[in-house]
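Can you make the complete structure from the sequences, with help from the hints?
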Amino acid sequence: GAVVSQHPSWVICKSGTSVKIECRSLDFQATTMFWYRQFPKQSLMLMATSNEGSKATYEQGVEKDKFLINHASLTLSTLTVTSAHPEDSSFYICSARATAGGVNTFGSGTRLTVV
Amino acid sequence: GQQVMQIPQYQHVQEGEDFTTYCNSSTTLSNIQWYKQRPGGHPVFLIQLVKSGEVKKQKRLTFQFGEAKKNSSLHITATQTTDVGTYFCAVQTFNYQLIWGAGTKLIIKP
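So the sequences go chain by chain: R and V. So that you can map any letter, position 95 of the first sequence is 95 in the working numbering, and since no number is skipped, the others follow by simple counting. So that you can map any letter, position 62 of the second sequence is 62 in the working numbering, and since no number is skipped, the others follow by simple counting.
Accuracy of the hints is not assured; some may be wrong.
Distance condition first, Cα-Cα at most 27 angstroms in a straight line; then the derived BS3-like pairs of lysine-lysine [claimed, not checked]:
(1) V:K109 x V:K57
(2) R:K41 x V:K105
(3) R:K66 x R:K14
(4) V:K51 x V:K36
(5) V:K105 x V:K56
(6) R:K55 x V:K69
(7) V:K109 x R:K41
(8) V:K56 x V:K36
(9) R:K41 x R:K64
(10) V:K69 x V:K51
(11) V:K36 x V:K59
(12) V:K51 x R:K41
Pulled from the structure, derived: some chain V residues nowhere near chain R, Cβ distances all over 12 angstroms [stated by the list, open to error]:
(13) E15
(14) D18
(15) G53
(16) Q80
(17) T81
(18) P110
Beta-carbon label-pair distances, calculated as ranges [claimed, not checked]:
(19) V:R38 x R:L68: 44 to 52 angstroms
(20) V:K56 x R:L26: 23 to 31 angstroms
(21) V:V13 x R:I12: 32 to 40 angstroms
(22) V:T62 x R:I12: 38 to 46 angstroms
(23) V:R60 x R:M45: 41 to 49 angstroms
(24) R:G16 x V:H12: 38 to 46 angstroms
Simulated from the structure, these hints should not be mistaken for lab results. In this text the structure is predicted, and so the values were computed from the model without any measurement. Even glycine gets a Cβ: it sits at the ideal position worked out from N, Cα and C.
Printed below as a string of structure tokens:
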């Protein structure tokens with residue numbers, strides 16, 4: 001079945017630094033990838049939708065200059081949290097939708113802790 | 001925008017008891033998906049329902065889509081410790097985004 005690899009699985013960084021999270025579709029091409037954030041005991045919140053070769057579409061309230069998304073190929077999307085602050089600590093999850101269709105496949109998530 | 005309400009937020013059951021979570025919408029849904037998220041893990045797709053009145057079973061899990069396509073339920077018969085986690089419903093929109101319910105956390109009492 002479709003597999004999405006997300007790295008790193010966890011990261012601790014200092015306040016003010018930037019962190020890059022990668023999301024790769026391993027055995028399929030993903031035209032569209034989605035980035036979510038999940039705070040403890042809450043549901044997933046969509047941050048942005050990225051389409052290969054074009055700018056990401058951000059949800060209301062999500063700062064595009066803080067959460068940089070790049071979808072340079074059909075198998076890779078990256079989310080960079082710039083100038084991270086403790087309130088950015090969260091569980092970040094990507095999902096990918098195959099070009100051929102079907103349901104979205106989720107990455108294993110990245111737990112970010114900003115100290 | 002479209003919203004999906006999911007209840008209850010938590011359900012404590014003894015092992016062997018049944019568990020049910022419900023999702024409701026004020027508008028007609030084109031589809032509904034169900035996911036399971038284990039503690040510390042990511043959502044895992046369980047099933048998608050698209051037809052009015054549809055009922056699908058996966059071993060001890062029964063998924064239903066209402067006749068009016070405005071509600072759905074997930075029922076687990078005779079829960080086991082491996083069932084522990086949070087169960088989410090989600091609706092896929094025309095642009096393949098997912099609108100998520102709040103989730104129901106299944107807790108097995110010792």
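Now for the hints, and whether the structure bears them out:
For the suggested pair V:K109 and V:K57, the alpha carbons sit about 25 angstroms apart, so the restraint of at most 27 angstroms is met. Between the alpha carbons of R:K41 and V:K105 the distance comes to roughly 9 angstroms, so the proposed pair stays at or under 27 angstroms and holds. Restraint check for R:K66 and R:K14: the C-alpha separation of about 16 angstroms stays at or below 27 angstroms, so the hint holds. Simply put, V:K51 and V:K36 have alpha-carbon atoms about 21 angstroms apart, close enough for the 27 angstroms limit, and the pair holds.
This hinted pair checks out: V:K105 and V:K56 have alpha carbons roughly 21 angstroms apart, not beyond 27 angstroms. Proximity of R:K55 to V:K69 is assessed by CA-CA distance (about 34 angstroms); at most 27 angstroms being required, the pair is judged violated. Restraint check for V:K109 and R:K41: the C-alpha separation of about 19 angstroms stays at or below 27 angstroms, so the hint holds. Restraint check for V:K56 and V:K36: satisfied, since their Cα atoms lie roughly 16 angstroms apart, inside the 27 angstroms limit.
Of the pairs offered as hints, the one joining R:K41 and R:K64 holds, with about 25 angstroms between alpha carbons and a cut-off of 27 angstroms not exceeded. Distance restraint check for V:K69 and V:K51: the Cα-Cα separation of roughly 8 angstroms lies within the 27 angstroms cut-off, and the hinted pair is therefore satisfied. With a CA separation close to 15 angstroms, the supplied pair V:K36 and V:K59 stays within the 27 angstroms bound. Proposed proximity of V:K51 and R:K41 is contradicted: the alpha carbons are some 31 angstroms apart, above 27 angstroms.
V:E15, annotated as away from the interface, keeps every beta carbon of chain R farther than 12 angstroms; the closest lies near 23 angstroms. Listed as outside the interface, V:D18 is consistent with that label: its C-beta sits roughly 24 angstroms from the nearest C-beta of chain R, beyond the 12 angstroms cut-off. Every C-beta of chain R lies more than 12 angstroms from that of V:G53, the closest at about 21 angstroms, which supports listing it as non-interface. Residue-level check passed: V:Q80 sits 23 angstroms from the nearest beta carbon of chain R, beyond 12 angstroms.
No Cβ of chain R approaches the Cβ of V:T81 within 12 angstroms, the least distance being about 21 angstroms, so the stated non-interface status holds. At roughly 21 angstroms from the closest C-beta of chain R, the C-beta of V:P110 stays outside 12 angstroms, upholding its exclusion from the interface. For the pair V:R38 and R:L68, the supplied restraint of 44 to 52 angstroms is violated, since their beta-carbon distance comes to about 30 angstroms. Between V:K56 and R:L26 the C-beta distance comes to about 28 angstroms, which sits within the given range of 23 to 31 angstroms.
Between V:V13 and R:I12 the Cβ separation comes to about 36 angstroms, which falls inside the hinted range of 32 to 40 angstroms. For the pair V:T62 and R:I12, the beta carbons lie near 42 angstroms from each other, so the given range of 38 to 46 angstroms is met. About 30 angstroms separates the C-beta atoms of V:R60 and R:M45, a value inconsistent with the hinted range of 41 to 49 angstroms. Range check, R:G16 to V:H12: about 42 angstroms between beta-carbon atoms, so the 38 to 46 angstroms window is met.
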